[in-house]
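Novice: Next come the chains, spelled out residue by residue.
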Amino acid sequence: MSDAPLNASTWEPHAALAVHCGGIDFCNPVLTASGTFGYGKEFEGLISLPALGGLVTKGISPQPRFGNPAPRICETASGMLNSIGLENVGVDGFAEHKLPFLRACGTKVLVNFFGTTFDDYVECGARLAQLEGVDGLEMNVSCPNIKAGGIEFGRDPRVLGDLVRACRKVIAKPLWVKLTPNTSDIVELARACAGNGADAVSIINTITGMAIDARTRRPKLATIFGGLSGPAIKPIALRMVCQVHRAGLGIPICGIGGIQDGTDAIEFMLAGANTVQVGTQNFIDPASAERIVREIDDFCRQNAISDVRELVGALKPEA
Amino acid sequence: MLAKAVGRGTRLLESSPLGTRVAVLGPLGTSFPDPSPETLDLLVAGGVGLPPLFMQAERAARQGMVDNCEMLYGGRNAHDLLLLGEMHALGLRSHLATEDGSAGRRGRVTAELEARIDHHRGSNPGAKLRILACGPREMLWAVARIAEPLGIECYLSMEERMACGIGVCLGCAVPARSRPFRYMCSDGPVFLASDLVIPPAMDRTAEAAP
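Residue numbers (this note's numbering), protein chains in the order written: chain A, 793 to 1111; chain B, 1114 to 1323.
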């Protein structure tokens, strides 16, 4: 576990760490990922929230959801599978019970949201965008579209584009879209977002996978399939960030996938990410994100980088 | 600290040399109720579930209430049973059960529990019994199934795989009665059995089939 929490009011980074991404100014590029950071308050006393660039809440739906049967998680090689079932308190529960803490927590707050129908998304996004203390929204499009036979909204660029456009109309705040990696062409998904008014894309969500207990012949998750996260997916995430960056769509990228330390975060920035999110690592050490901020600064000092923004997309063309 | 090596994490712990520094996040979640002079607490321990109940007995002893509890402790064989000398030193009444009969009753600790409940109800019908249990999941369900029809307040200390331990990953869901799920890490690990959905007794012949 890391050393004593950073004192955000006295800690002075060596390099300029502030970044602008997707319509929001962050004091540094490190955010925490949806589903791995609760509603922020759970980490009070374990991490200094103002030391983070920002946090992304658990995904919110119009109505509360109670989630999937157990077992919901299992460990895999260099990662984990989860099938939580998008359990959350719903828009009203969020506004009443979770937002008051977040308003005063001292870091930028993005609210992740989703629906199970087109109208659900629009309604949920519109209501969340009106709440004071919400700095931006991150749309989770990795949910089954009930009306389209349960296929994820985010897998079809046309459906995704329509969804982004409809949400954009009712959301006056920064709107990010968290893309699914369960696709053959991540660039087309990013293009659909960029072309329909999204402010940034978060790349990537979990990769569909499964785990089996050979002895009992049973799947290890109650829902059989789940989402793979952790260091196991980092190479795939880096590749997708790089592809979208190289496509030159002009949309900022928030890189996500198996980030465990400052070097991992910097690799994402070199591939083209303007900001990053720390996810599964929060489960291993709840103060990870804060440590990663410090490690990014250490890297900058050691490599004579005065402004972290110099790193974005600075990948050299050859190995 | 008592650990049984069952997987990679516990094996790493077991093989760590004396003086190794480890980071611990805790204590987390709920604990057993305080010992009470008003109750007689039956502490039901199965295998590696012993430590929290031993600590409960220590708490009771420190508060001069060791006679308000008794330990019912089961394991596979006599070799499996730990801390027997320490329990004796506390002045704790203990009843053992082993599957091979090498110590105490031959059979399951839940049979011992039923016998002790019968005994106390016969000898002192006015006593308020409580059950505090920790052990394998099937043992806990069996304990709950004994306690419920008798109206005995029953606390179960459960375990589940969890990623975070602080109510964030929502991985350690257990079906509950007051809402669809409760969480081992933050609502538990100690639950009132009356708030959990207790599955019916397993059909062992069906389970044995491939």
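It is worth saying that the hints were derived from the structure and are not from the lab. Using N, Cα and C, we set each Cβ at its ideal position, and we do this for glycine too. Hints are not guaranteed to be accurate.
As the list claims (entries may be wrong) - With the C-beta cut set under 10 Å, the calculated list includes, among others, these residues of chain A facing chain B:
#, residue
1, 828
2, 850
3, 1076
Novice: Honestly, which of those hints from before does the structure not fit?
Specialist: Hints that this structure does not satisfy do not exist here, as all of them hold.
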